[in-house]
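**Student:** Protein chains in written order, with the working numbering: chain A, 1 to 373; chain B, 1 to 373; chain C, 1 to 373.
Just so you know, not all the hints are guaranteed correct.
[Unchecked claim] A few chain B residues facing chain A, derived, Cβ under 8 Å: (1) Ala80; (2) Leu130; (3) Met133; (4) Phe152.
[Claimed, not checked] Pair by pair, the computed Cβ-Cβ distance ranges are: (5) B:Phe258 / C:Val337: 58 to 64 Å; (6) B:Val337 / C:Asn135: 19 to 25 Å; (7) C:Leu198 / A:Ser165: 37 to 43 Å; (8) C:Asp15 / B:Leu84: 50 to 56 Å.
FYI, nobody ran anything at the bench for these hints, they're computed from the structure.
Glycine included, C-beta positions come from ideal geometry on N, C-alpha and C.
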Amino acid sequence: MALDTTLERLTSPWDHLAQENTFVGFLDTLLRGCGQVMFQNNPLTGLLFLVGIFINSALLGGAGLIGLLVSTLTARLLRADRSLIRAGLFGFNGILTGIALAFFLRWNPYLIVYIVIAAILSAVVMMALLHFMGNWDVPALTAPFVLTAWLFLFGIYLFSNLRPSEFILPVSLNPGAVVQTDLRPLPAGLIGAGVTPLNLVEAFFRGIGEVFFQDNLVTGIIFLVAILINSRISALFAALGSLVGMLTALFLFGGNGFWVFHGLYGFNAVLTGIAIGGLFYVLTWESALYAVIGTLVSTIVMASISVFLSPLGMPALTAPFVLTAWLFILPKAGFHVLHPVALTDVTSAEHIRHDFLEREHEAGVGRTVQPAP
Amino acid sequence: MALDTTLERLTSPWDHLAQENTFVGFLDTLLRGCGQVMFQNNPLTGLLFLVGIFINSALLGGAGLIGLLVSTLTARLLRADRSLIRAGLFGFNGILTGIALAFFLRWNPYLIVYIVIAAILSAVVMMALLHFMGNWDVPALTAPFVLTAWLFLFGIYLFSNLRPSEFILPVSLNPGAVVQTDLRPLPAGLIGAGVTPLNLVEAFFRGIGEVFFQDNLVTGIIFLVAILINSRISALFAALGSLVGMLTALFLFGGNGFWVFHGLYGFNAVLTGIAIGGLFYVLTWESALYAVIGTLVSTIVMASISVFLSPLGMPALTAPFVLTAWLFILPKAGFHVLHPVALTDVTSAEHIRHDFLEREHEAGVGRTVQPAP
Amino acid sequence: MALDTTLERLTSPWDHLAQENTFVGFLDTLLRGCGQVMFQNNPLTGLLFLVGIFINSALLGGAGLIGLLVSTLTARLLRADRSLIRAGLFGFNGILTGIALAFFLRWNPYLIVYIVIAAILSAVVMMALLHFMGNWDVPALTAPFVLTAWLFLFGIYLFSNLRPSEFILPVSLNPGAVVQTDLRPLPAGLIGAGVTPLNLVEAFFRGIGEVFFQDNLVTGIIFLVAILINSRISALFAALGSLVGMLTALFLFGGNGFWVFHGLYGFNAVLTGIAIGGLFYVLTWESALYAVIGTLVSTIVMASISVFLSPLGMPALTAPFVLTAWLFILPKAGFHVLHPVALTDVTSAEHIRHDFLEREHEAGVGRTVQPAP
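Next comes chain A alone, as it looks inside the complex (with noise of 0.2 Å):
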């Protein structure tokens, strides 16, 4: 509580600030965009996740900068409603899809183009999307990511001016394979192998960092906090999310231990932990317990996308996070043990909370005054 209220002395002159002046309020937009890509309707924890992805890599920072800011100004010169734009709901795939790109390609003048293509794209798929799932009121999540960055890798088979990076793998799949399960980063020898806590801890944190991309420990450690500003819950889920993942895929599933430590079971639960936990579904004990099903069921579905790709040597990206959080919420009011919650009433995982429990408590109160008439 002493938290949310120095939080609020520092961003309301920001907020005012963000209303009068035009280039404040783009700042703003673009920082939220990249707020927007955990669900965080927040300049500051933009801003954070911003300090993040620098501090492992200035190259994919300045990638998703271009990413974000062509996305975002695509909107505003196809005049998309002001509102969208402002919440950053154009930047979030704008930014991860400059990133990737320059995660998965090597770096050379015409990659700066084919991002900027990219990044406009991006913004038209997320207006079809909208409308395409405003349909049954479910969210586009990063779909509009998905699909473009896909689109944009899987081509460079047949274009000799985009070349991967080294993590563009084609294999031939032999189910006879043993998976090699040891808890390990991949350049061996840097930390020794095992479930050691030093592991743990980085597979864990790793596992949030891995949402943009950014295979870092202390990107991870930035990213959590930056959750933590804007939202308790969130941040709970997030870290859940990450928990599972790695758990499961360690001890249940018998998971690859390279991709164990260096998060990538995790951070498709991440997303869907946060999505599922308290935003598009009230948070309760019974919508607790159904988003950490959603983050096993992610965990799952990240092993089998990634080998559905795997003979084009493609990754999966947030696809397992989109798939899962869409069978997720798209059941909707049809399990009554659920409350769902409208698009337009997304805010924060404490707001939706407690907008609930009012309107309960005025239903109750309403209830026991009925009779009385």
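Fit chains B and C to the known structure of chain A by using the hints.
**Tutor:** Structure of chains B and C alone, referenced to chain A:
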């Protein structure tokens, strides 16, 4: 008619008991869930399906029961509409998921956990698709099973605790390769090769058995009898489907002879035949022909989806049926020669046709009367 | 204008005859079906398309005619809305399906049966997608053709009676492989390599011809004239599409030189240009730019879908156009700088723009008048 009356006398006390007693009611729900795999909302049909499965394999039967139980309980715990649960709509994807995972993966303790999680997901996906497809009043069919089972099967390449059975076998595609077209069983020697009456009978009934992944002559016979108990029209179209799948693969397209023998071109045609032949369109001569074309198309789609997944070594499951039936059901009222049935009116093919003829008759009487005044 | 009037004088008696005489009416339906492949609801355009195809290959022309005839008859027998049939909406997927199957499969008697079944399915899928996409007032485009042709092409690996032509060639993906970027035809020696005026002209017109899988300079010229007869705007955007596809592949992305020469980066851009440039959005400077970006994106999508299917050796067909155009049309009214056209109002680009300007004018007059009283 006489058979119908006898059966009604037999099932009526059971229905009475199922309404009074919670435990019998739940048992009834489970059996209907089993029957719904072939659209038969009848506990006796479901019981015979189970008998057919256990005759072939107690292991697959056990895995199926776990799936059936867990998916039905999940829907109850999440408080889905009682009428949907009671009709077995959450059970049929669960039982198929359980059987498929036990068929394509090796037995070990982790597999049970895997089946439980998958069955939970199948109930969530069912509700998601009910909401999604409900938009067009089109049924989810076995899509929740297909999607869930694919997600859980693909992942095993990255999970050392889940190992594939011998049916997971990736192949590289070679357009010049010769397709072996001799009609015969896979472990050769048991039965002579060639288009013999015995081999055709085997292929015909195995095509029906394979709907539940039961590659067994006797099981196929029991399944057909089980359908016949509830609906002669559905049994007719199940038989037509298996025939069309087998005969066109053999004599028109030159399909793989092993596949024909084991009913693999047939089982999707069985389901497509039942669905279009009298359930989602009123049975008329025109819709019967439409259904036969559907079974023919589903045979081709079985080949194409299998080819698509062959680099992964993964099975098509009942996806060919789902895709074909969706394509043939979506046109609905667009083809005026057909009479689509609203989802809430889908009972048995006989009832649907009876109600339709009654309405036609009334409309006819109305039309004759109208000119009078 | 003068050209328009002359053409109207030419086509008017035909239109009269088509309404009076059943046979001429059916012929008119078939020709419009042919024209609708490029959105030109004009029998003369359709006739010229046919001429262009037959000049290149009588075999492909014949296969196309079977597909055109069967799909149109299927829609009539199933009693689809007469107005849809008369506009050629069931024919265009049929003719494309016939040509594509004859292009990618070897000629034999079974192929004719295969084409007939596929053409029947294309009409069913068209109605299914009309119903499905109608939800968002978004056109089915050539999706029924793409889906049908894929299903029938993939299956051939399991059907010995249907054999692939030399254009079905699976390749393993290798990120290190060098893309050959020299602009030249595939059977080398005919024409010198390099960015010569002749090679650019070849690439430009073949890009238009490839919409119907016609890899031929003269056919491409006839196609462009055929479009021009019905709509100068559509012809302009067809040309722009081919140009953008060819030039960006050559100079921006470093595409495969064989592909550029044979128009393979261009034909999806041609269709995307026509669709977005004046048909599903009113032609304005803003929508023209939006259309050009669409053609650019479709070029990249062509590469990516081709790569995705390369382990199967299967072609992308016009899927890149369908996906790109859907993404660019779905935003509709969401981008206020664009003026979307309702599906029922899609006629020719010229009529659409004329009606829009008239409405704008009236609104302008209204606005000026309003303050008066």
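**Student:** All hints, please: hold or fail.
**Tutor:** Evaluated hints:
1. The interface hint given for B:Ala80 is met, as the beta carbon of that residue sits about 6 Å from the closest beta carbon of chain A, less than 8 Å.
2. Here the hint on B:Leu130 is kept, as its CB sits about 7 Å from the closest CB of chain A, short of 8 Å.
3. Interface hint status for B:Met133: violated, as the beta-carbon distance to the closest one in chain A is roughly 10 Å, over 8 Å.
4. Because the beta carbon of B:Phe152 sits about 6 Å from the nearest beta carbon in chain A, less than 8 Å, this interface hint is met.
5. Between B:Phe258 and C:Val337 the beta carbons are some 59 Å apart, a value that agrees with the proposed interval 58 to 64 Å.
6. At about 24 Å, the CB distance of B:Val337 to C:Asn135 agrees with the hint of 19 to 25 Å.
7. Separation of C:Leu198 from A:Ser165 is about 38 Å and conforms to the stated range, judged on CB atoms against 37 to 43 Å.
8. C:Asp15 and B:Leu84 have their C-beta atoms about 53 Å apart, which keeps the hinted 50 to 56 Å range intact.
When each numbered hint is compared with the structure, a violation occurs for hint 3 only.
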